[in-house]
Amino acid sequence: MSAAATAPSYVFDEDAQATIVRARAPLSPKAESASYAARVVVDRHDGREQNVAATPLASSRVFEAAPELRPIAHNKTASFTVAKEWEGVVESIGISHFMAQLREIGSTDDATEVAELPIGDIPAGEREKLREGAVFRYLIGYAQHRTRTVTRKRLVYFRRGRLPQDSSVEAEWLSIAAMFTDD
Amino acid sequence: MTEPTLTAPAPSEIEVSIFGRGYGEAIAIHVGDGRWLAIDSIAESKKSVTLLYLKELGVDVANKLEVIVATHWHDDHVRGLAHLFTAAERAEIIVPLAMLDKEFIKFAASFSNQNSAKFSTGVEEFGKILALAKKRNIAGTRYPLRLAEHGYVGYRQPAGKLTHGAAVTLEALSPSHFDVAAFVTRISAVSPQPQVLQRTPHYGANDVSAAFWLQLGGDAILLGADVENSGHPDSGWNAILSDSVQPLSKASLVKVPHHGGLSGHHDDMWTQLLEPAPVASLTPWSKGGKKLPVDVDVTRITALAGSSFSTGPSPFGKSTDQPHMVAKTLRADALKLHKLGNKVGHIRHRATVEAGQLTWHTDLFGQACRLSAMAA
Chain A
0 MSAAATAPSY VFDEDAQATI VRARAPLSPK AESASYAARV VVDRHDGREQ NVAATPLASS
60 RVFEAAPELR PIAHNKTASF TVAKEWEGVV ESIGISHFMA QLREIGSTDD ATEVAELPIG
120 DIPAGEREKL REGAVFRYLI GYAQHRTRTV TRKRLVYFRR GRLPQDSSVE AEWLSIAAMF
180 TDD
Chain B
0 MTEPTLTAPA PSEIEVSIFG RGYGEAIAIH VGDGRWLAID SIAESKKSVT LLYLKELGVD
60 VANKLEVIVA THWHDDHVRG LAHLFTAAER AEIIVPLAML DKEFIKFAAS FSNQNSAKFS
120 TGVEEFGKIL ALAKKRNIAG TRYPLRLAEH GYVGYRQPAG KLTHGAAVTL EALSPSHFDV
180 AAFVTRISAV SPQPQVLQRT PHYGANDVSA AFWLQLGGDA ILLGADVENS GHPDSGWNAI
240 LSDSVQPLSK ASLVKVPHHG GLSGHHDDMW TQLLEPAPVA SLTPWSKGGK KLPVDVDVTR
300 ITALAGSSFS TGPSPFGKST DQPHMVAKTL RADALKLHKL GNKVGHIRHR ATVEAGQLTW
360 HTDLFGQACR LSAMAA
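Chains as they are written, first to last, in numbering that gives the first Met the number 0: chain A, 0 to 182; chain B, 0 to 375.
If you're looking for bench data, these hints aren't it; they were derived computationally from the structure.
Hints should not be assumed to be uniformly reliable.
Stated by the list, open to error - Derived list of chain B stretches under chain A, where covered just means 3 residues or more per stretch with a C-beta under 8 Å from a C-beta of chain A: (1) 99 to 106; (2) 136 to 143; (3) 183 to 195; (4) 280 to 287.
As the list claims (entries may be wrong) - Computed, partial: chain B to chain A, Cβ under 7 Å: (5) S115; (6) L129; (7) H337.
Heads up, the beta-carbon is just placed ideally off N, CA and C, and yes, glycines get one too.
Assemble the whole structure, with the sequences as input and the hints as a guide.
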């Protein structure tokens, strides 16, 4: 199976207000079949990967833009094919760059890389989320623009926070703590 | 150079093995007669490096690893700790007192679902340890979870019980009451923000790091954890050094606090608690492109210690190889990805007890090196 067939594809807003919204439609039935198992949809509003391998792409879920983001018109999208993807954590923030730890998505080991990345790689609408400890995805791949030109591109998008765990976790932990502290 | 072989220590030998991976710290201590203590943990492929080591030596971990200490909850000190505790079926686990404070639990629980699959944190290990301690607790007879604060004795063997004849006592030097109160106050106002997924933040938790003093007959080992020197008289090293009760003797071996950084240095620690020219070992660390120790730390420590060692030459490895297209994209803006050194370095100190004193012999494994090799 070729690398092109297995690489996940995304649609992104070329104006960089919203990075990744939904899976790209298949190029051809053959390519679709070959890449089905590896295809994921990234919902940029909660950052969770959703495998749609078992779902026909025609009926796969299209994620709505978050209220703070501009709706994305179809003719403003272009394709992005990922060559490599990492999950990262922001360690410190400078004037034009930020330092991060990165771990490759799909890699089975826990090897960690560190890098100084340009803040300019973060879409303008996302930069307010840059803070120490923030978890993000870093992608390098080929972008095919509306003009059909193809360029190499780096993308950053931040993962959305989850609602705090329900209070049962806290209650459980407190009850365990009480076993050891109430003597 | 051929590495020394890994063999179990003799019953009368003391061993202090220090492990690091460029980011993280774990210590295994043989106190005699096949009995072991473990301080902190690092993981390799999600498995505790201490556990892998002890198994390689043929140690009966379920029965002979008697105490596990979590000096604090930062992920560079607790990764794999729950894995180690699971295997050590009869071990007690000691955590800093502040970790069972209701404010810390509220803080930890609120972040317990905030972390990414690729980056675990100490909060997750903490939850696993609590669950295991609950399972093993037998009210009135067995309390596997113990709480460390200044003065707490976590392990004791009387003189004459072990083959080497020396008494063994493991005592917490920190955290002070002041540090616990300050830490709890700080974290009580912190909760996750919905806008972005964020790792559990560190809020001066080194202030509640538990340093330990291991007294072995007339000699001792200082395990400095990440205790820092904030300058406040009731905090960190100032609190330890000004205490009215001081150790019976000075230590001949020190695990240098806070990865050798200046913030963990206190002149009086070296003169008041350590013998002249002690053996000193540390694990390097990095965050945000900064590393510990820096060159001036290396110079300072090598001057103060008789011999000094590090679990690795640097927290950073070489730039990583990337596929051609990725390398080209990074190169366009002179971006480089460096490996955070991830091969285990192992410093093994061994000593026999002679006339109540310890004479140390050191072997280095993997990435471990003399501290002077870290200087640029």
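Chain A contact restraint for S115 (chain B) - C-beta distance below 7 Å: Where the cut-off is 7 Å and the nearest Cβ of chain A is about 5 Å from S115 (chain B), the hint holds.
Stated coverage of the region 280 to 287 of chain B by chain A [criterion: 3+ residues, CB within 8 Å]: Three-residue rule met by the region 280 to 287 of chain B, so holds; n is 3.
Interface hint status, H337 (chain B) versus chain A (Cβ within 7 Å): Constraint on H337 (chain B) satisfied, holds at 5 Å.
Status of the L129 (chain B) interface restraint (C-beta, 7 Å, chain A): holds (5 Å)
8 Å C-beta test of the region 99 to 106 of chain B against chain A, three or more residues: holds (count 4)
Verdict on chain A covering the region 183 to 195 of chain B, where coverage means 3 or more residues with a C-beta closer than 8 Å: This one holds; 6 residues, not fewer than the three required, reach chain A with a Cβ under 8 Å.
Whether chain A covers the region 136 to 143 of chain B (at least 3 residues having a Cβ closer than 8 Å to its Cβ atoms): Our answer is that it holds, as 3 residues pass the Cβ test (under 8 Å) against chain A, meeting three.
Hint violations for this structure: none, all hints satisfied.
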